[in-house]
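Sequences are here, hints too, so could you generate the full structure?
So the chains spell out like this:
6 protein chains.
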Amino acid sequence: DFLNALYEVRPAFGASTDDLERCRLNGMVDCGSRHEHIYKRTMLLAEQVRVSKGSPLVTCLLEGPSGSGKTAMSATIGIDSDFPYVKIISAESMIGLSESSKCAQIVKVFEDAYKSPLSIIILDDIERLLEYVAIGPRFSNLISQTLLVLLKRLPPKGKNVLVIGTTSEVAFLDSIGICDAFAVTYHVPKLKTEDARKVLQQLKVFSEDDIDAAAEALNDMPIKKLYMVVEMAAQGEQGGGAEAIYSGKAKIGISHFYDCLQDIVRY
Amino acid sequence: DFLNALYEVRPAFGASTDDLERCRLNGMVDCGSRHEHIYKRTMLLAEQVRVSKGSPLVTCLLEGPSGSGKTAMSATIGIDSDFPYVKIISAESMIGLSESSKCAQIVKVFEDAYKSPLSIIILDDIERLLEYVAIGPRFSNLISQTLLVLLKRLPPKGKNVLVIGTTSEVAFLDSIGICDAFAVTYHVPKLKTEDARKVLQQLKVFSEDDIDAAAEALNDMPIKKLYMVVEMAAQGEQGGGAEAIYSGKAKIGISHFYDCLQDIVRY
Amino acid sequence: DFLNALYEVRPAFGASTDDLERCRLNGMVDCGSRHEHIYKRTMLLAEQVRVSKGSPLVTCLLEGPSGSGKTAMSATIGIDSDFPYVKIISAESMIGLSESSKCAQIVKVFEDAYKSPLSIIILDDIERLLEYVAIGPRFSNLISQTLLVLLKRLPPKGKNVLVIGTTSEVAFLDSIGICDAFAVTYHVPKLKTEDARKVLQQLKVFSEDDIDAAAEALNDMPIKKLYMVVEMAAQGEQGGGAEAIYSGKAKIGISHFYDCLQDIVRY
Amino acid sequence: DFLNALYEVRPAFGASTDDLERCRLNGMVDCGSRHEHIYKRTMLLAEQVRVSKGSPLVTCLLEGPSGSGKTAMSATIGIDSDFPYVKIISAESMIGLSESSKCAQIVKVFEDAYKSPLSIIILDDIERLLEYVAIGPRFSNLISQTLLVLLKRLPPKGKNVLVIGTTSEVAFLDSIGICDAFAVTYHVPKLKTEDARKVLQQLKVFSEDDIDAAAEALNDMPIKKLYMVVEMAAQGEQGGGAEAIYSGKAKIGISHFYDCLQDIVRY
Amino acid sequence: DFLNALYEVRPAFGASTDDLERCRLNGMVDCGSRHEHIYKRTMLLAEQVRVSKGSPLVTCLLEGPSGSGKTAMSATIGIDSDFPYVKIISAESMIGLSESSKCAQIVKVFEDAYKSPLSIIILDDIERLLEYVAIGPRFSNLISQTLLVLLKRLPPKGKNVLVIGTTSEVAFLDSIGICDAFAVTYHVPKLKTEDARKVLQQLKVFSEDDIDAAAEALNDMPIKKLYMVVEMAAQGEQGGGAEAIYSGKAKIGISHFYDCLQDIVRY
Amino acid sequence: DFLNALYEVRPAFGASTDDLERCRLNGMVDCGSRHEHIYKRTMLLAEQVRVSKGSPLVTCLLEGPSGSGKTAMSATIGIDSDFPYVKIISAESMIGLSESSKCAQIVKVFEDAYKSPLSIIILDDIERLLEYVAIGPRFSNLISQTLLVLLKRLPPKGKNVLVIGTTSEVAFLDSIGICDAFAVTYHVPKLKTEDARKVLQQLKVFSEDDIDAAAEALNDMPIKKLYMVVEMAAQGEQGGGAEAIYSGKAKIGISHFYDCLQDIVRY
Ligand SMILES: Nc1ncnc2c1ncn2[C@@H]1O[C@H](COP(=O)(O)OP(=O)(O)OP(=O)(O)O)[C@@H](O)[C@H]1O
Ligand SMILES: Nc1ncnc2c1ncn2[C@@H]1O[C@H](COP(=O)(O)OP(=O)(O)OP(=O)(O)O)[C@@H](O)[C@H]1O
Ligand SMILES: Nc1ncnc2c1ncn2[C@@H]1O[C@H](COP(=O)(O)OP(=O)(O)OP(=O)(O)O)[C@@H](O)[C@H]1O
Ligand SMILES: Nc1ncnc2c1ncn2[C@@H]1O[C@H](COP(=O)(O)OP(=O)(O)OP(=O)(O)O)[C@@H](O)[C@H]1O
Ligand SMILES: Nc1ncnc2c1ncn2[C@@H]1O[C@H](COP(=O)(O)OP(=O)(O)OP(=O)(O)O)[C@@H](O)[C@H]1O
Ligand SMILES: Nc1ncnc2c1ncn2[C@@H]1O[C@H](COP(=O)(O)OP(=O)(O)OP(=O)(O)O)[C@@H](O)[C@H]1O
Ligand SMILES: [Mg+2]
Ligand SMILES: [Mg+2]
Ligand SMILES: [Mg+2]
Ligand SMILES: [Mg+2]
Ligand SMILES: [Mg+2]
Ligand SMILES: [Mg+2]
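Protein chains in written order, with the numbering used here: chain A, 763 to 1029; chain B, 763 to 1029; chain C, 763 to 1029; chain D, 763 to 1029; chain E, 763 to 1029; chain F, 763 to 1029.
Just so you know, same-sequence chains aren't split out, so a pair can sit in one copy or run between any two.
Subject to a maximum C-alpha distance of 27 Å in a straight line, what follows is the list of computed DSS-like cross-link-like pairs (lysine-lysine):
id: 1; residue 1: K966; residue 2: K919
id: 2; residue 1: K986; residue 2: K802
id: 3; residue 1: K921; residue 2: K815
id: 4; residue 1: K987; residue 2: K802
id: 5; residue 1: K1013; residue 2: K987
id: 6; residue 1: K987; residue 2: K815
id: 7; residue 1: K914; residue 2: K870
To be clear, the hints were calculated from the coordinates, so they are not data collected in a lab.
In structure tokens form, the structure reads like this:
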């Protein structure tokens, strides 16, 4: 079953730069020193992999709350590293597949990577790859065993691999031993007021006077949700206001912005 | 298995305006400001989807007690939005199918939507799609994983989608992370006395003198059950009275109305 | 699998008046006002279905202790309503079938009903249809999901359906949300002393002097067990006495009657 | 699967008088009034079935500790009733069969019985038919549902059936509702000292002087184990003594008898 | 599946005297009165089976800690009884088989035994036959049901069988009712100091002066581990010393013996 | 299924010296007396197997925290023993196989070993072979039963086998009885400060002045992680520094070393 699944894997599988770009739909803005630090350290790991002899496999986990920028960050490392082989493994391209087909897909990406001297493999949203649900909890042990082995198995001589994982369920991953299987772990945080202010200054959708208030209201917000609420608010109370805002002809009304924020934040 | 299931999906699948109309068998009456507010905000989301560039996928959950009007509300948004593609995904059309066939049906609707520039997908009674039962609890993890991914997966460039979910088991959905997967959540409430009075005034089945008493008795009743109890009562104690009531020749007797109410409300 | 099962369903499936008659092997005697009341109200629901426009589906649950007369009552409604289509869905005719075959059988009955302008469907002993067992508890979620959907799905335009369910495990049905899926619920009780006396007077197997004592002893007995104990007692201590009793030539000895009662009632 | 299984059932299946005789390998001795009483009452039920019109199905459960004589008792009723169709359903003849094959076997026996005007069906060791094990507990719900339905389903007109069940796990059967499915239940007890004395007097393997002491030691022993310990003791301390004892040339030594008793009774 | 499995069972299956001999690789030495007593009583049961008329099936369980000599003991009974048919059923010869194949193997041995007038069947390491693991606990209910039935099913007329079971998980076996299914149970113990001394005197690998100290250290050791630690110690600190010890040219150093003992005993 | 799997096992399966060498990618350095002691005792067991007559099977478990050097140690024993047959059984070569295929692979290695007069079998990372995950806990009982039997089954006459297991989940293995199945168990520890100092002196990547501080910081670190952190640190703060360090032209900066240590050690 698994072997069949393995052969059926279409050769077209894999991530092009286009796929990676699609992972950061809103681009990359400066959102504070903590994000910056993680970016630098992970680029250094890519560097280590490039030159390493003794440790042909380096593994690194980016964990943090939903929407904090983990996927965009890993895609950016993938793009900036200039490695010949960069693939993202995501549940999106495996909807409805059986556990063993998913395993086969994952193994295939690693086998392909072993053919390139330098590779980056992104395991995006590991809890989703594992079909994790908090009740039970339930998850695919077949896939978790596969990851546990792949995160430890050495590539063939002369092939070096960097594996980057992302997750917003770090406690669960820890409980099944997947955190320990990564050599290094970084926490990707939500924005603090000062981070949010930086981002808003780059977006230019608030009047100068409102930026501080808006940033204050966005304290402890993940970067992804910040984009969502800004777009809702740009719409205006009656709809149809977005164009004016984004072209700079108008600014978002702060009180409507507060309203939108309430719909998004659940009490 | 899943792939087979995917191909077997009949092209005829999908919801016509007829299907949407059938979701509001008793029409739409004014039932108070809280229902009104939700309708307006959700229409605004449809507007945002129509013009959005940065966020091609907007998701919104309508949750509330059984019979509070969630399905009728989403069908109404679907009709009023005038989007070229509006589909309702409901357990009714998938009775007895295997989990993977259901997944295939659901995925098919999303794939079809991705072909239209503007789409609305209604996930009706999500707990029923998930085959949820409180004991255990049990539910289909295959389907819940599929929804979790679909609620996050971006449509292709230039295609915008609004997903509206409905549920009367919001606590369960929350416990498996499906609430968090929606960007916005609105609570559709039962009727208060004043809402019920408004509805009864439009129905004209009580004499002026009884309306207040009847509305009082209907406090905290969902709109759907209000219609049921009114029809039972219109029947009369000996049967055969409905025609007279609905043609306006007679009014419902208030004490028989109380009796019917007791059969419907479980102690 | 389910689809196959659906097609395999023999056309001969369904309940004739004979089947309904067999559900009340001991006929219908007057057993008190509470049984009477339920009969009348349920007949009224049948009436409502006959004339309804706004609510083409009415659902009603008869719940009560084992042997209290639920099945006989629904069969009687089915017979007395004179609806063109009356079917009883019971575990008896589905012994040993797989869950999905049972589902297919059930769905088939509903589909058939949708072809008749007026139908009554009796879901007899729902806990048995669900393969319920208290330990675990275990039950068929496939069947329970099917029932939950069928109890809510509207028949096509112009077709009206009354669904009557029976159960002696109302707490379980409640815990999986099936009670809430019925619009109306009635409790079918055991007999009180005065109900039992009424029944005994109609049976004429006791001497006038013993009837009060016997009725007293039968307090809190379900009607079905009453028939069982009377037949055991009619047999006599040495056997062979039944004919004399039923022909009226002899009466049941009250002390032997007490003995038989003890074998039947578990301490 | 089940249907296939049903057809595969060999016509040769069923119990001859030989099978029934094999169920009471040590014959039937008088072992006290309590056993006697149960025998008489159950024979009376057979009588009732023979003449009954109103209740074509009578069901009776014999429960009691392991080895107390339940199987031998039911076989004896089967033989003494002189009914044309008597079958014993036992796990022995279904070792290793799948649950659905077992169901098919059981259903087949009932279907066969429905062809005879008078039948007795013995469900021997119901917990074993159900594949019950205390840990979990685990058991076959498929089989338990089948029994629950069969114990309630009426035979066709003119066919009367007595079902006798045996079990030594009455608490378990109660917990899954099988006890309630039987109309009558009798408890088959272990022997008391006076019962044991009666049995020993019939066996004649002790000297008159030892009988009282031996009976005392056998207080609270099931009849089946009494036979086992007597045979062990008859062997003698060095072996080879059995022939002399059974031919009446020697008697069992009381102290060796005590030793054997200790090996059999677990502390 | 089971039936297929039954036919596939190779006729060559079964235990020759060679197999039985292999079960006592270190021979049988005198290891104290408690082992002796069990041997004698079990041989007496074999005797009873040889002559019995009333009880054609006798069953006996040897339980005790891991390595206490249960398997060697049963093999010895098998050899010494001189019965025409002696078979050992062990998990070793069924590695990796499915539950139903294992059942078929087990049933086959019993069926074969029924063809011989006198048989001994050894169910070795019952917990392993049941695929028991303490976590859960998990085990094969299919196999446990099979054993429960086989331990009670009478052989055909004129065929007598002695079944000997062994286990080191008596508490588990008790919890699933398998202990009760055996007529007699014996506890095979670890060695006490005086038992160990007896064994060491027969082995002659210690100098007279050390025997007492060594025996003392071996208190509460199972006979099988005694052999292991003696062999380790005989090796010497630098290896290569075994030949000299076993040929009697040298003796085991007591302090090195203590060291080895520590590696074997877990704290 | 299992039998098929057994035949499908490719003959090429097995470990060459190359495979064993790959298990100690960083070679073997002196890392303190505790590692040394285990190495010597395990070599002695290999010696015992070489000459043994009475115990043809010796089993030994190396347990200890993740990365403490268990796999490298067993590979080294395998190489240094000079046995004709040395195989490593590891989850790496069985990714995605079904439980029964894995069993077949494992059994095959033992069957192959039985053909050689002297063999070493390494069961590497037993918890991974068992597909163990702490939640539940879940694991393959099929594989655990197979191991339990194989660890006890004697090789054929004249064939001697040493089995070495490794695990970092000794508590779990204990709970399912696998620890008890090994004759001897050794604990492979993390490094203490003095062990780490020894290793660093051999690596020569710190200046003399820093070695003590570095060793101090590495107290309680497994040998494998020590290599990882040293390589990260050798990279330097800006990357590109590794070559200079390993060629001896530069030394690792102690403060950068502390930084790297923090990324690796999770709080
Ligand atoms: N500096 C930045 N780092 C990360 N993301 C950024 C940054 N600047 C802008 N973004 C935008 O923020 C969004 C981050 O979303 P992303 O999907 O990466 O979050 P996530 O943590 O992976 O979310 P989830 O937990 O849902 O998987 C992207 O749209 C990205 O374009
Ligand atoms: N303003 C309104 N909003 C919603 N429903 C209305 C309104 N006015 C009338 N209705 C009627 O009330 C009924 C609402 O039932 P609906 O099926 O939408 O409830 P629901 O919340 O989806 O119930 P359930 O929890 O059972 O799915 C419909 O028959 C609809 O025609
Ligand atoms: N007025 C009555 N109502 C109901 N049953 C009656 C009445 N008069 C007589 N009976 C007889 O009483 C018996 C009632 O049994 P019935 O099978 O309906 O009980 P039930 O509640 O469905 O039992 P169960 O819980 O076992 O399904 C029937 O034999 C019926 O003929
Ligand atoms: N009066 C009696 N009643 C029952 N059994 C008797 C009687 N006299 C002798 N016996 C013998 O006692 C034994 C009773 O064993 P039986 O198998 O019937 O017990 P059981 O209760 O069915 O045991 P189990 O719980 O193991 O199924 C039989 O061998 C039978 O021949
Ligand atoms: N008197 C004796 N009784 C039993 N075994 C003996 C005796 N004398 C020597 N031995 C040896 O002791 C060993 C006992 O091991 P055996 O396998 O029988 O133990 P066990 O209790 O079956 O162990 P396990 O619990 O692992 O199955 C055998 O090698 C046997 O040759
Ligand atoms: N004396 C030594 N003993 C063991 N390993 C050593 C020694 N000296 C150097 N090493 C190196 O240390 C590393 C030990 O890693 P190894 O994989 O054996 O650890 P492990 O305990 O098996 O880890 P895991 O728990 O992850 O399986 C190897 O790279 C090996 O080359
Ligand atoms: Mg992400
Ligand atoms: Mg709805
Ligand atoms: Mg009924
Ligand atoms: Mg019995
Ligand atoms: Mg043994
Ligand atoms: Mg290792």
